[in-house]
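Participant: Starting from the structure of chain P, add chain C where the hints point.
If you're matching them up, the sequences are chains P and C in order.
If you're matching positions, the first sequence starts at 1 in the numbering used here and goes up one per residue.
If you're matching positions, the second sequence starts at 1001 in the numbering used here and goes up one per residue.
Keep in mind that the hints are not guaranteed to be accurate.
Each computed DSSO-like pair below joins lysine-lysine, with the alpha-carbon atoms no more than 27 Å apart [to be verified]: (1) Lys13(P) to Lys1088(C); (2) Lys1199(C) to Lys1267(C); (3) Lys1150(C) to Lys1118(C); (4) Lys73(P) to Lys1150(C); (5) Lys1088(C) to Lys73(P).
Here are some chain P residues the structure puts well away from chain C; computed CB gaps all over 12 Å [to be verified]: (6) Pro23; (7) Phe36; (8) Ile51; (9) Asp58; (10) Val62; (11) Ile96; (12) Ala104; (13) Glu109; (14) Ala112; (15) Gly117; (16) Leu119; (17) Thr120.
It should be emphasised that the hints constitute simulated quantities derived from the structure, not laboratory data.
From the three backbone atoms N, C-alpha and C, an ideal C-beta is built for every residue, glycine too.
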Amino acid sequence: MSNTDKRRVLTMKVCITSKGDSPESAAENRFGRTPFFVIYDDETGKVIETINNASVNDASGVGPKVVQMLVSKGVNVVITGQVGGNANQGLLTAGIPAYAFGEAETVAEAYAAYKAGTLTRIV
Amino acid sequence: MNIVIASGKGGTGKTMVSVNLAWSISQSYNVHLIDCDAEEPNVHLFFPGERSEQPVTAEVPEVDSEKCTLCGACGEFCRFGAISVLTKSVMIQPHLCHSCGGCQLACPVDAITEVPRKIGMIRQSSPSPSLTVISGILDEGEIAAPEVIKTAKKAGEWDGISVWDGPPGTACPVIETMDGADVCILVTESTPSGLADLKRAASLAKTLGIPRGIVINRSDGEDGPTLAFCKEENIPVIMMIPFDREIAAIHNRGAILSAEKKEWKEKFIQLYEDAIAIAGGNA
Chain P
1 MSNTDKRRVL TMKVCITSKG DSPESAAENR FGRTPFFVIY DDETGKVIET
51 INNASVNDAS GVGPKVVQML VSKGVNVVIT GQVGGNANQG LLTAGIPAYA
101 FGEAETVAEA YAAYKAGTLT RIV
Chain C
1001 MNIVIASGKG GTGKTMVSVN LAWSISQSYN VHLIDCDAEE PNVHLFFPGE
1051 RSEQPVTAEV PEVDSEKCTL CGACGEFCRF GAISVLTKSV MIQPHLCHSC
1101 GGCQLACPVD AITEVPRKIG MIRQSSPSPS LTVISGILDE GEIAAPEVIK
1151 TAKKAGEWDG ISVWDGPPGT ACPVIETMDG ADVCILVTES TPSGLADLKR
1201 AASLAKTLGI PRGIVINRSD GEDGPTLAFC KEENIPVIMM IPFDREIAAI
1251 HNRGAILSAE KKEWKEKFIQ LYEDAIAIAG GNA
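Extracted from the complex, chain P is given alone in its bound form (with noise of 0.2 Å):
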């Protein structure tokens, strides 16, 4: 394994579901229906990435495709509010847990709440 791979897999990448594209937007309750996604190196605890979620629109099927387009982004942990039923089977086969923020009202404050380790898994 190269330095380079090696860095890839231990960097962890937490994905919340969000109505902007920054930590202080609030959290969305949606998973696959969200309209942005705010996304963490773990490690640095910085944000390295919002995505504009381009399936937000479509009329069928969005949780299994958002699901690929995380996978493609590396992305280890998501936090949102709920998870449907195809979302949820794709969550499980590609082994991405997912928590839900709860009471926390931003992203930045959900992505705190995980990290002090007081959300509940929903997948």
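Facilitator: Then chain C, alone, in the frame of chain P:
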């Protein structure tokens, strides 16, 4: 001669008209009655008896994991989320698949083949020597009603007279049912929702280039707005069925009005003749 029965609104009496029309025609000619309301097929309730069944299947992808490189092309192609390329495997959710075959074309290494999956069935019976009844039945929770409808119509395809009992609505299942019809009989009721949905169904038949006639069911004599629409659109009203307790009672116990009331057999034969005239040809 293919006669399709549609309405837009549900519960206006499509099956009642279909069953009576087909039964009345069958007293003089051979007829195929096809139940295309695959999500809620009810025609068979009027014709109890022996029937044969055969499954309807849809093609869904299967991935050869030996050949698959997890490149992601199939998942990116699929609009329906039915095939997703994940960390170590390809996940297929067959109930989301529309059987378009695109994933197979998108795969650069020919790792995808199509395999059949049961989505419903076709039920066939012959209540009399001159009447064949074929029902398309979609399994619960399935989405591909048009495939079942297409198969039912194919099973009953012939040069003679067919009556196609359509589903409510104006989307894919209705469009599939109307496809290939020579004339469309729109069954409506004189209520605001009956008229609103009639307008949509009438517009759909017009778009598909199918000549139209209208049956007003459960008429209480206050049909002004519906008649005005028919006049405006130049669609002939070819039957009025009154809001009548005896008619309702006969239908509601699963009996066929035309078989019990001679005058209704004659009216439905007239409906058939008017439908032929609207179609602009001979049977």
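Participant: Quick check: which numbered hints come out false for this structure?
Facilitator: Failing hints, ascending: 4, 9, 10, 11.
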